[in-house]
Every structure is written in C-alpha cells, then in structure tokens.
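*Asks:* The primary structure of each chain is shown beneath.
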Amino acid sequence: MPELTYIQAISDGLRQEMRRDQRVFVLGQDVGVYGGAFKVTLGFQEEFGPWRVLDTPLSETAIVGGATGAALMGLRPVAEMQFADFISCAWDHLVTVAAKQFFRGRTPVPIVVRLPSGGGFSGGPFHSQNPESSFAHIPGLKIVCPATPHDAKGLLATSIEDPNPVLYFEHKHLYRRIKGEVPEERYTIPFGQARVHREGDDAVVVTWGAMVHTASDAADQLAGEGFEVEVLDLRTLIPWDKARVLESVRRCSKVLVLHEDTRTGGFGGEIAATVAEEAFEDLDAPVMRVAAPDTPVPFSPGLEKAFLPQVEDVVKSLQELAAY
Amino acid sequence: MAVREAEPVGSLQEVKEAGLDREDLLGIYRHMLITRGIEERGHILYRQGKIPGSFYTGRGNEGAAVGVATAMGPNDVGTPLHRDMGVHITRGVEPWRIIAQYMGREGGPTRGRDGNVHMAVPELGLHPMVSHLPAMLPVAVGMALAFKIRGDRRVALGWFGEGSAARGDAHEGMNMAGVRQLPVVFICDNNQWAYSTPTYLGYPIEHIADRAAAYGFDGVVVDGTDVLAVYREAKAAIEKARQGGGPTLIECLTLRMEGHAVHDDAFYVPKEMFEQWAAQDPIERFRTWLRSNADLTDDEEDQITSVVKRLLNDALERAEESPLPDPAGLEQGVFASAEDLDTPHHK
Chain A
1 MPELTYIQAI SDGLRQEMRR DQRVFVLGQD VGVYGGAFKV TLGFQEEFGP
51 WRVLDTPLSE TAIVGGATGA ALMGLRPVAE MQFADFISCA WDHLVTVAAK
101 QFFRGRTPVP IVVRLPSGGG FSGGPFHSQN PESSFAHIPG LKIVCPATPH
151 DAKGLLATSI EDPNPVLYFE HKHLYRRIKG EVPEERYTIP FGQARVHREG
201 DDAVVVTWGA MVHTASDAAD QLAGEGFEVE VLDLRTLIPW DKARVLESVR
251 RCSKVLVLHE DTRTGGFGGE IAATVAEEAF EDLDAPVMRV AAPDTPVPFS
301 PGLEKAFLPQ VEDVVKSLQE LAAY
Chain B
325 MAVREAEPVG SLQEVKEAGL DREDLLGIYR HMLITRGIEE RGHILYRQGK
375 IPGSFYTGRG NEGAAVGVAT AMGPNDVGTP LHRDMGVHIT RGVEPWRIIA
425 QYMGREGGPT RGRDGNVHMA VPELGLHPMV SHLPAMLPVA VGMALAFKIR
475 GDRRVALGWF GEGSAARGDA HEGMNMAGVR QLPVVFICDN NQWAYSTPTY
525 LGYPIEHIAD RAAAYGFDGV VVDGTDVLAV YREAKAAIEK ARQGGGPTLI
575 ECLTLRMEGH AVHDDAFYVP KEMFEQWAAQ DPIERFRTWL RSNADLTDDE
625 EDQITSVVKR LLNDALERAE ESPLPDPAGL EQGVFASAED LDTPHHK
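The listed protein sequences correspond, in order, to chains A and B. Be aware that the first sequence starts at 1, since it is given in our numbering, and climbs by one per residue. Be aware that the second sequence starts at 325, since it is given in our numbering, and climbs by one per residue.
Derived by calculation from the structure, the hints in this document are not laboratory data. Don't take every hint at face value.
[Unchecked claim] As a list, the in silico SDA-like pairs of lysine to any residue whose alpha-carbon atoms are at most 20 Å apart: (1) B:340 / B:617; (2) A:242 / A:295; (3) A:242 / B:616; (4) A:242 / B:617; (5) B:559 / B:585; (6) A:242 / B:656; (7) A:179 / A:8; (8) A:39 / A:29; (9) B:374 / B:586; (10) A:179 / A:120; (11) B:374 / B:646; (12) A:242 / B:586.
Please read these numbers as outputs of a predicted model, since none were measured by experiment.
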C-alpha cells in the first residue's frame, strides 16, 4: 500500500472522485492554472478542463452560493476556500441558504467546502483559525476533520457522496508533516464513527484534526509513567460519535477533551456537557478541557506557541487527571 | 451613461411577433388576477388571525412577475422573491398550496417549516428564497454555471430588489456571471421603496440597470406595469442567454402599492406617488389593452373572473383542510438522505 502525505491523500482522493463521477467539479480561487494555494488541485485542469476546475473571481459568496445553485441542478461541487478563515465571507451562503434549503424545500444541497484550517506556522489571525464549532452550531451542516492521510481520502469520498452541505476541514499543519498508508482503490468512511488512534484504559483524550497527533505524543510520554491513555479521534463533529465517546468514558472514567479552536463555545464544551449528562456516575474525575485561549490567533512564533495547545499542556492535564 | 429604456408594447401584431397568441394573453390576464386575488385573500385571512407571523404582498408587481415567468422556458429555473407571487402562479403552483403555506399547514410547499412567500415548488423549476436578500442571486448564478458546464440549453433567473442591490451578493453574483458569460437573467423588481428607504438613499445612479455595463452585459429598464413589455424584454434576454449570449439585467420599474408588510401603512410614501402609480395599475392597464387590442368581451371577462373566484374559493377550502404539521416530526428532515437525491435533476 502506498504511503502518502495528508495533502497527497486529499489530492488523490479528489482526483479519483472526479474521474469516477462527471458531476464532481471544483471551483475556487487559483484552483485551476495555479493548482490551488496549497497545490491540492495541481494538474487537475490539464486532466479535467477549465470548466470542471473552475478559477473564480475573489468571491467567496459567489463560490459557495454558486456551488449551492450548481448542486441544486444536480452537480457535485467541491468548493475550495483558500484558507478556512475566509469562509466568514460566505457565512450567509452556508448558514442561510445551504444549511436550511433541504429543511424548507426538500431539495438536497450536496456541496463540499474544503477548508484549509489551523495554525502552527505564523499564519496570524486570518490564516490560522479553526472555525468548526461555529458551523457545528448550525443545524443542516456536516463537519469533517480528518487527522490522517487514510481518513483524509476516505472522508473526502464520503463528503462528496453525502447529500448535504459538508464542511471538510483539512489541517494545513498536517499537509506535509503526516504520512500514512492509503489504499489506491476508492473507499469511504462513514460519518459519525470515531477512530481509536491509540489504545489505553486509564484516561481518554477526545479530540480531532491535528490535535490527534499532539494527544498521541502526550500519551506516549505518559506511557513511561504507567498511565495508558486512549486517544479517540472523532473524525467528524457533525455527526459525532457520542456512543463511542461514552463507551470510552465508562471504561476509562477519566476524560480530557482537546481542541485547537479557542475554548469558550468550542465543540469541546458540547462533549463535556454530554459526558456530564450521560456518564456522570462513571467519572472518577472532572471532565477536563485543553484548548486555545480566547484570543485571536497571534502571529509571532512565541505567541503562537503559547496559543496552540502543546504536547506539554496535554501531558500536564493528563497528569492532573492521573493524580485525581 | 444611459441604459436602454424599453418601449411600451403597442399592437396585437407586435405581441404576436413576440410569441404570444390570444389564448396566451388571456392566460396572462388570468394569472395576474389569481396573483392579486390570492394576496387579497391572504390579507383577509391574516386580519382574521388565520395566518401566523407576518404577511407580504406584491401589489403593483403582478405584471412584472407574470411577464417574466411567461417568458421562461419549461426547463428554465428561478429564485423569485416576496413580490413575485405571479411567478409561482404562472409556473403552475396550485393556489391551495400557497394558502396552506401562508397558514403554516402541511400542504404548503415548505410544510410549515417556513412561512409566507418563502416557498417554491422545485418540480416547477423554482427554488425558495431566503430573507437575506439577494442571497439567491449567487445561487441562480450557480444554477446557470451547472447548465454551462453540462451544456444544457437552460436559463436561470435570479430576482432581487433595488434595495438589496446595495448588498455584496448582487455584485459577486453578477460579476461572476459576467466573467463566465453564464446563461442567467437578473430581474430587478424596482418598486422604489426598500421598506421605508427611497431609491436616492439606496443607490446613487439613475437606474440599477446601468450597472450591467460594469459587469460586461446588457441592461434594460422596463415599465413593470406593462406586462407585455416585460414579457418581450424577458423573452429576448432569456433566449439570448440560451443561445450563449450571456446575462442581461432587466430592471422592472413599479411602485410597491402597499407597505413593506401588512403591519406597515407606508406613511412615508407621498400620496401623489400612490395616485400616479394607481393610475397605471398593471392589471387594469392590461385589461384595457385587451379590450382595445384583442377584443376582450364582457362575457370573456366575466368568465375569467368567475373562474378565478371559484379557484380561490376552492383553494381556501382545501388549504383549511390541510393538517397542521405534527410537532413529533420536527427533528426529521434537517439532513437529506441518499434517497432524497432520487430526483430527475440530481441523477
């Protein structure tokens, strides 16, 4: 099985979907001639032509609104935001139109919006954010946050197949940092099924995206101290695998929720509340959260490091859980 | 820079050249009467407390809406707004479903999930508006993009008002449509009042249609009370788009003859303005035209009027028989399932 980087897996997966289904097309800024800001669609225009790899004006509203219209007419648009941060410009089209159209009009809106997200390379306040929780709050949108090359490809296929608007958060810091085995053939991964990234019974870290790897590194450190931590990768936030989280909580009795997004109103709060509601009796310690502080993402490397949850932050919290 | 201002329609011969026979003309008249009738009935029902929420009408816009919709081809699509009841009627939405929609009943196109004119029947090529105007313009552009990608000879129509022309969606949608020369026609219902905001506080140029030049396509201003002139301009623009000639912006000039919604008495609109535009009421204007140009007889008129009246009576009765939606089903239908894609256009 070939070993691919996370970004290669996204690119290969997208190309495979476009070869398989004529209805799939990509649109966005610089996706065609240039091959995308991160080169996910490099070479696509040569293979699929300028109308299936459509360079658009600098118009997030027209990109997402246009994708919605094309989907209503039977196509399967995959829209690219150059950075997840810019989705704010298309908020209305996701939240007001795409998310609510099926509920109101019974017309499915099968669009995928690819959102390169996350920090770790001094992108500053407008090229580093993780806005998944804002959209998780909107009924009608699905939220996908792959952490591995294997999941990146499989979840992209599922996203394109899904009859609903799907926000596909691809973490930029994983693009070329993470490699893994990825089958050449097409496969899908069902939404709402968490994945055990690392086994353990003493505590569970519930997380997603790049933080899966941070959690894993932290768990490795604690293994030397005889404290075995399960790392549970949610893979999708809407829907999220509540049953699997509760199962882990019941088994481990200690839970840490970890995300790169800021703390207040982050999706971790929803998980913590659910654990409190449904597994209170199974807990041996308070639910803990590790998340970014409630500030914009800072630019300067030292500030950004202080902002992003680090391995040592997770280790420290897990040690507190261990000692509780 | 002056945009083209469309001439009024003159003789029956001219209309025939535009593709309408006498039956079509009587159909247009009937659609305009149903449009007004349904909104008048709705108004009464609202005052009787039978319609929850708010209530909007398009009085004065019947000619613009019916004229454009009559020019659409059977496979064309559109995203009409809250002054465009005539589009729904012309495309064939059954009146009882509209009244059921007003009343929040299961039989309305949104099955009580949304209210008033926030509705459409997709099988008839229409897609429901949202309140955030003109958010449906980029959506219509995307529909046109799909047609262009697939090579379909279909056209998308996107409606907006002169008020919402101030929003960025209008710019982004038209710009992309112009760049890609997409088969889309933009219809501006310029009824001169965005709630209480007059045109001179909404835009600084003479006509919204002047903007078309900035996007690289044609613009035209037409008297929205002249249903046949609207039809002629829409037909030309739609067929041009179908032939690959790119977008057109048609500005239909009317006056909103009532408040923004029924709670609004429109005190801010000068009385003379209402009087002036009442004198060119689109339905009365067309009736007069039919009598002098197409030999509309008293008998025909009586017959059409009674057919419409019966239709609306039946519609009201049937709407009231439609059940209210079951709250137990509220949480179903937020997400589509694979079977929901099993529609002709999603295959």
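*Asks:* It remains to establish, for every hint, whether it holds in the given structure.
*Replies:* Hints, verified against the model:
A distance of roughly 12 Å separates the Cα atoms of residue 340 of chain B and residue 617 of chain B; the hinted pair therefore holds under the 20 Å criterion. The suggested pairing of residue 242 of chain A with residue 295 of chain A is violated, with an alpha-carbon distance near 29 Å, which exceeds 20 Å. Restraint check for residue 242 of chain A and residue 616 of chain B: not satisfied, since their Cα atoms lie roughly 72 Å apart, outside the 20 Å limit. A threshold of 20 Å between alpha carbons decides the hint, and for residue 242 of chain A with residue 617 of chain B the separation of about 70 Å lies outside it, so the pair is violated.
Taken as a hint, the residue 559 of chain B and residue 585 of chain B pair is broken in the structure, with Cα atoms around 31 Å apart against an allowance of 20 Å. Restraint check for residue 242 of chain A and residue 656 of chain B: satisfied, since their Cα atoms lie roughly 19 Å apart, inside the 20 Å limit. For the hint linking residue 179 of chain A to residue 8 of chain A, the alpha-carbon distance of about 9 Å falls within 20 Å, and the restraint holds. For the hint linking residue 39 of chain A to residue 29 of chain A, the alpha-carbon distance of about 12 Å falls within 20 Å, and the restraint holds.
Distance restraint check for residue 374 of chain B and residue 586 of chain B: the Cα-Cα separation of roughly 14 Å lies within the 20 Å cut-off, and the hinted pair is therefore satisfied. For the suggested pair residue 179 of chain A and residue 120 of chain A, the alpha carbons sit about 18 Å apart, so the restraint of at most 20 Å is met. This hinted pair checks out: residue 374 of chain B and residue 646 of chain B have alpha carbons roughly 13 Å apart, not beyond 20 Å. A C-alpha spacing of about 47 Å is found between residue 242 of chain A and residue 586 of chain B, which places the hinted pair above 20 Å, so the restraint is violated.
Checked against the numbered hints given earlier, this structure breaks hints 2, 3, 4, 5 and 12; the rest are met.
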